[in-house]
Amino acid sequence: MNQDPFKKEQQLSRKLDEYHIEVPDFPIKPSRWGRFVHFLASPAKDPIEPLISAADGFMLIKAVPIIGTAVIAIIQALILL
Amino acid sequence: MRLNEREEGLMIAFQKGDEQALEGIYLLLRQPLYSFIFRYTRDEQFSIDIVQDTFVKLQRYKHQYNPKKGKLKSYLFQIAYRLMITKLNRRKKWRTLLPFLAPAQTEELHHSDKMTIRQAIADLPETQRAVILLYYYHDMPQEEIADILGIPKGTVKSRLHTAIKKLKESLGGEEFESRSF
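Protein sequence lines correspond, in order, to chains W and U. If you number the first sequence the way my numbering does, the last residue is 81 and the count never jumps. If you number the second sequence the way my numbering does, the last residue is 181 and the count never jumps.
Note that these hints are calculated values from the structure, not bench results. Keep in mind that a hint or two might mislead.
[Stated by the list, open to error] Each computed DSBU-like pair below joins lysine-lysine, with the alpha-carbon atoms no more than 35 Å apart:
#  : chain 1 : residue 1 : chain 2 : residue 2
1  : W       : 29        : U       : 69
2  : W       : 29        : U       : 165
3  : W       : 7         : U       : 71
4  : U       : 166       : W       : 8
5  : U       : 62        : W       : 29
6  : U       : 87        : U       : 16
7  : U       : 16        : W       : 62
8  : U       : 68        : W       : 29
9  : U       : 157       : W       : 8
10 : W       : 7         : U       : 165
11 : W       : 8         : U       : 69
12 : U       : 16        : U       : 93
13 : U       : 166       : W       : 29
14 : W       : 29        : U       : 168
15 : W       : 62        : U       : 92
16 : W       : 8         : U       : 168
Quick caveat: nothing in here was measured; it's all calculated off a predicted structure.
Using the sequences and the hints, build the whole thing.
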């Protein structure tokens, strides 16, 4: 016998009934251009964020330009020599 | 005419070449399809894409549908569910490899009560989420849910009960003890 599990769960049913959604208007045919534009416009995760949010990462961000400059200077010196 | 019979009639007409019938099917079923995908993913554009792709697939494989095997609504939900899972899995892979390319999930601001139930459903494991959405919001019997999700009926039943238990825990245990009147 299949009993409806929600028969005893009136409070939960009331909560679930609060979850209304509005269905937007959209055509049956997809638009490739529209999808591409939406993809470009959609927010994406910042790849640097996990690095700078940690203390070590923040120091790394500060140190990278200095180290980079030093490396370039060494390479230039080697080329001149 | 019952809704199911109307849908079946339109699908048979579409299989025979009536393109207008497809529009009729779309008008009848786009809302429940969208609702299911949106409640599952909470991503409006993604949900629109899945519904549109579902109807593209229906057009491509229209002759594969057999009314003797099940309802048209179940057939479309099955297509939509598989497309959704494939696309979500692809996104997860992109997020791991190139996180700045994969679209991040955005959240809309809503009334706090609605946020709670929405969050509670979103926090359910994916396997339980699909079951509860199909059972509660789309009045599907367990046999149909089993066909759509490609799992045994017994698994549907156990996931449904586990999902109910988890929702009650998420929303505040004591408030949801069953009361006798």
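A quick look at each hint next to the structure:
1. 29(W) with 69(U): With a Cα-Cα distance of about 27 Å, the restraint between residue 29(W) and residue 69(U) holds, given a limit of 35 Å.
2. 29(W) with 165(U): violated, 40 Å
3. 7(W) with 71(U): holds, 26 Å
4. 166(U) with 8(W): holds, 15 Å
5. 62(U) with 29(W): With a Cα-Cα distance of about 16 Å, the restraint between residue 62(U) and residue 29(W) holds, given a limit of 35 Å.
6. 87(U) with 16(U): holds, 31 Å
7. 16(U) with 62(W): violated, 68 Å
8. 68(U) with 29(W): holds, 28 Å
9. 157(U) with 8(W): holds, 16 Å
10. 7(W) with 165(U): holds, 14 Å
11. 8(W) with 69(U): holds, 33 Å
12. 16(U) with 93(U): violated, 41 Å
13. 166(U) with 29(W): Given pair residue 166(U), residue 29(W) is violated - Cα atoms ~38 Å apart, limit 35 Å.
14. 29(W) with 168(U): Not satisfied, since the Cα-Cα distance of roughly 40 Å exceeds 35 Å.
15. 62(W) with 92(U): Holds: residue 62(W) and residue 92(U) sit about 31 Å apart, inside 35 Å.
16. 8(W) with 168(U): Holds, at roughly 12 Å.
Going down the numbered hints, you'll see the structure goes against 2, 7, 12, 13 and 14, while the others check out.
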